[in-house]
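There are 2 protein chains.
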Amino acid sequence: MQFTCAKEDLLTAIGTVNRAASKMQKTILECILFSCGETGITLRATDIALSIKTEMNAQVEQTGDAAIPAKLLYEIIGRFPESDVTFKSVGENSMEISCLNSKVVLQQMDADEFPIFPALEDKEQIKLPQCVLRTMINQTLFAAAVNEDKPILTGLLFDIEPGSLTVVALDGYRMAVRRQAAISDIARKCVIPSRTLREVSRIISDTEENVKISISGNMALFEAGNTEIYTRLLEGEYINYKNLLPADCATSVKVETNMLKDSLERASILAREGNNNVVKFEISEKNLEITSNSEMGNIDEQIPVITEGKDLVIAFNAKYVLDVLKNVEESEVLMQYNTGVSPCVVKQENSDAYEYLILPVQLREE
Amino acid sequence: MQFTCAKEDLLTAIGTVNRAASKMQKTILECILFSCGETGITLRATDIALSIKTEMNAQVEQTGDAAIPAKLLYEIIGRFPESDVTFKSVGENSMEISCLNSKVVLQQMDADEFPIFPALEDKEQIKLPQCVLRTMINQTLFAAAVNEDKPILTGLLFDIEPGSLTVVALDGYRMAVRRQAAISDIARKCVIPSRTLREVSRIISDTEENVKISISGNMALFEAGNTEIYTRLLEGEYINYKNLLPADCATSVKVETNMLKDSLERASILAREGNNNVVKFEISEKNLEITSNSEMGNIDEQIPVITEGKDLVIAFNAKYVLDVLKNVEESEVLMQYNTGVSPCVVKQENSDAYEYLILPVQLREE
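In the order they appear, the protein sequences are chains A and B. Note that our numbering has the first sequence beginning at 10, numbered continuously upward. Note that our numbering has the second sequence beginning at 10, numbered continuously upward.
The shape of chain A in the complex, shown without the other chains (with noise of 0.2 Å):
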């Protein structure tokens, strides 16, 4: 195998591929397996729950396998000039890759024992571009889970239906709820890993190209650009959302993002020290006083706001709260409320495309 590429493609394929080889050292899942045709490199890296698979130019002196090590190969090639970069099989089992006056000889593994990847078979379809499902990712992967108790929620729920997709994630505390219109013909839910969507936003770039997901078993497949990532799904039962979100409310807020945010922000400085992050919302009809306690002292935020219904007072972990307005992108929210022990729902103005919804927590006697 031999090869000639430029610094700059290969630091970006092996960057794409890389994050799914596994830590495990000296296995052959630490390695990225190049396939080296007439015409141009195949990248691919797996660490069996999730894989990737990217394609590169290069100018093919020799074709052929090899597999090397991902991490170390990434941060040498990283650190090489930005000039042409060349590949070279030597011996037995090593790979010669030089660059300008820097000539590195790396040990290859065995690349026949590189795992063969999945193939997705009767595949059902959804198309969309790339920037939408980066931010439909992006604005709902914090509110997933992260410990184990109940694996089905560190995954996010894709709920397609025809000529849409809903993206949700919960953890028992708040929920996420994005929608979008998608090109798709299919109705089908499957729960995919939080760790896979982190990739898949990573690699996806912002661009109306379209991102296509093929879902077929227990796997599902994006295909953007030159670049394929296959993941297995999650097993189980997610729970039924829509059922969840409240279909009235008493007390309606709209309030500047920045302005909640950014009280927020002082007020859980206070709350978070020996008081659980707890910050009490006290709604009026212009106003939304914010208060928080603790032993070294209290605040007091004072926030104009149009409010539509009754007055209210209720009381939130302040982290919840802030999660979702760092991840709103309009410069005004409406939050709704029923009671002060039911949920609230986080939403923009005449729109459907996300609303979160934030248990409150109980107030103590005063």
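In short, the hints are calculated from the structure, not lab data. Please note that the accuracy of each hint is not assured.
What the hints assert, rightly or not - Pairs of lysine-lysine residues, derived as DSSO-like cross-links and limited to a Cα-Cα distance of at most 30 Å, are as follows: (1) B:Lys16 - A:Lys270; (2) B:Lys35 - A:Lys289; (3) B:Lys32 - A:Lys270; (4) B:Lys251 - B:Lys159; (5) A:Lys16 - B:Lys263; (6) A:Lys35 - A:Lys112; (7) B:Lys112 - A:Lys289; (8) B:Lys80 - A:Lys289; (9) B:Lys35 - B:Lys136; (10) B:Lys16 - A:Lys335; (11) A:Lys112 - B:Lys263; (12) A:Lys270 - B:Lys97; (13) A:Lys328 - B:Lys35; (14) A:Lys112 - B:Lys270; (15) B:Lys198 - A:Lys112; (16) B:Lys97 - A:Lys32; (17) A:Lys16 - B:Lys295; (18) A:Lys112 - B:Lys221; (19) A:Lys97 - B:Lys80; (20) A:Lys32 - B:Lys328.
Stated by the list, open to error - Covered stretches of chain B (chain A as the covering partner; in silico rule of three or more C-beta atoms under 8 Å from a C-beta of chain A): (21) 111-118; (22) 296-307.
Virtual Cβ for every residue (Gly too), placed ideally from N, Cα, C.
Starting from the known structure of chain A, arrange chain B on it as the hints suggest.
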């Protein structure tokens, strides 16, 4: 006590003193002491070993003293909008701090318990531009000892002579020596803790304005603008560094700083994998070859150089050479050698402004 000031001035003043405050919570040492006089505010923080004091303008309504926990205060003020901030004593021991629609009430501690600041008598002084002292500190600090086996080596030697300052750091494997002209008519040596100098470097600015250093007994004082930094000196005898610098050189190599740095960074990726970061230098008339190897593979770097004197083979811990190359500003450096087992000196051509001494490591027989 009551005063109003610009948020930005307040944040700068707190940021200047707050790193001297102790991290031990619920003690007076975690506080900043605000002393509010007729015309402005003095802020002080100390953990006894290091004490910092600065001045700030404010519109004073009522004079007085207050001790407020530094960390909490800094975080809250940092989150305030860019506007005026008002401090006002309320009740027995609370401070109300308000900014636009935010109002925070913090518990004070007893200002009378705050330690009295040191005073220096019979001062011996030296002056030099703040930007020069900052560079001298940053170009030597990395070579000071980190572990406490020989406490004196965790500080930097300030060797003051009439008309000059030399700053020295060494840790047993390498030594940094920086010399600069300064306004002084004294001869005095003292060893200043690294931690103090990190704060000095952070607080002094990149201006030509002088910083004044005063030494008296076991204390030193740095004065820059409105700010005073007091520090204890380290006690004990510092090594006679002048004796360590070799008088002669058998091999002198002129090399491009960045080219050598880039090669060493690549080589050290392989060198650190099970080879204690050892890189081998083979010096000939026009070429420096750097090699390193591990069970993962090996690397070979060729660097054009101009050598005067004998060919030489020598090995180093790559980190010690890199630390020097990352901290010099010149595009070319001289590396001077005697034998493969004696220290190398890195310096500028035709200047003694800095001399870095690096001990080689012994090459295993191959």
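Do the hints match the structure? See the list:
With a CA separation close to 19 Å, the supplied pair lysine 16 of chain B and lysine 270 of chain A stays within the 30 Å bound. A threshold of 30 Å between alpha carbons decides the hint, and for lysine 35 of chain B with lysine 289 of chain A the separation of about 26 Å falls inside it, so the pair holds. Restraint check for lysine 32 of chain B and lysine 270 of chain A: satisfied, since their Cα atoms lie roughly 28 Å apart, inside the 30 Å limit. Between lysine 251 of chain B and lysine 159 of chain B the alpha-carbon distance is near 19 Å, which keeps this suggested pair within the 30 Å criterion.
Between the alpha carbons of lysine 16 of chain A and lysine 263 of chain B the distance comes to roughly 29 Å, so the proposed pair stays at or under 30 Å and holds. Pair hint lysine 35 of chain A plus lysine 112 of chain A holds up; C-alpha atoms about 23 Å apart against a cutoff of 30 Å. Taking the CA atoms of lysine 112 of chain B and lysine 289 of chain A, the gap is about 15 Å. The hint holds against a cut of 30 Å. For a cut-off of 30 Å, the pair hint linking lysine 80 of chain B to lysine 289 of chain A stands: about 24 Å separates their Cα positions.
Simply put, lysine 35 of chain B and lysine 136 of chain B have alpha-carbon atoms about 39 Å apart, too far for the 30 Å limit, and the pair is violated. Among the hinted pairs, lysine 16 of chain B with lysine 335 of chain A is consistent with the structure: their alpha-carbon atoms are about 24 Å apart, no more than 30 Å. Under the criterion of a C-alpha separation no larger than 30 Å, the hint pairing lysine 112 of chain A with lysine 263 of chain B is consistent with the structure, at around 23 Å. Between the alpha carbons of lysine 270 of chain A and lysine 97 of chain B the distance comes to roughly 26 Å, so the proposed pair stays at or under 30 Å and holds.
Our distance criterion of 30 Å between C-alpha atoms is met by lysine 328 of chain A and lysine 35 of chain B, whose separation comes to about 26 Å. The hinted pair formed by lysine 112 of chain A and lysine 270 of chain B meets the criterion: a straight-line CA distance of about 16 Å does not exceed 30 Å. Between lysine 198 of chain B and lysine 112 of chain A, the direct Cα distance comes to roughly 48 Å. Violation of the 30 Å bound is thereby established for this hinted pair. Taking the CA atoms of lysine 97 of chain B and lysine 32 of chain A, the gap is near 56 Å; set against the 30 Å cutoff, the hint is violated.
Restraint check for lysine 16 of chain A and lysine 295 of chain B: the C-alpha separation of about 27 Å stays at or below 30 Å, so the hint holds. At most 30 Å may separate the alpha-carbon atoms for a hinted pair to count; lysine 112 of chain A and lysine 221 of chain B exceed this at roughly 51 Å. Taking the CA atoms of lysine 97 of chain A and lysine 80 of chain B, the gap is near 56 Å; set against the 30 Å cutoff, the hint is violated. Of the pairs offered as hints, the one joining lysine 32 of chain A and lysine 328 of chain B holds, with about 25 Å between alpha carbons and a cut-off of 30 Å not exceeded.
Interface restraint, the stretch 111-118 of chain B with chain A: holds (6 residues with C-beta to C-beta distance below 8 Å; minimum three). Counting residues of the stretch 296-307 of chain B whose beta carbon lies closer than 8 Å to any beta carbon of chain A gives 4, which meets the minimum of three for the stated coverage.
Checked against the numbered hints given earlier, the structure breaks hints 9, 15, 16, 18, 19 and satisfies all the rest.
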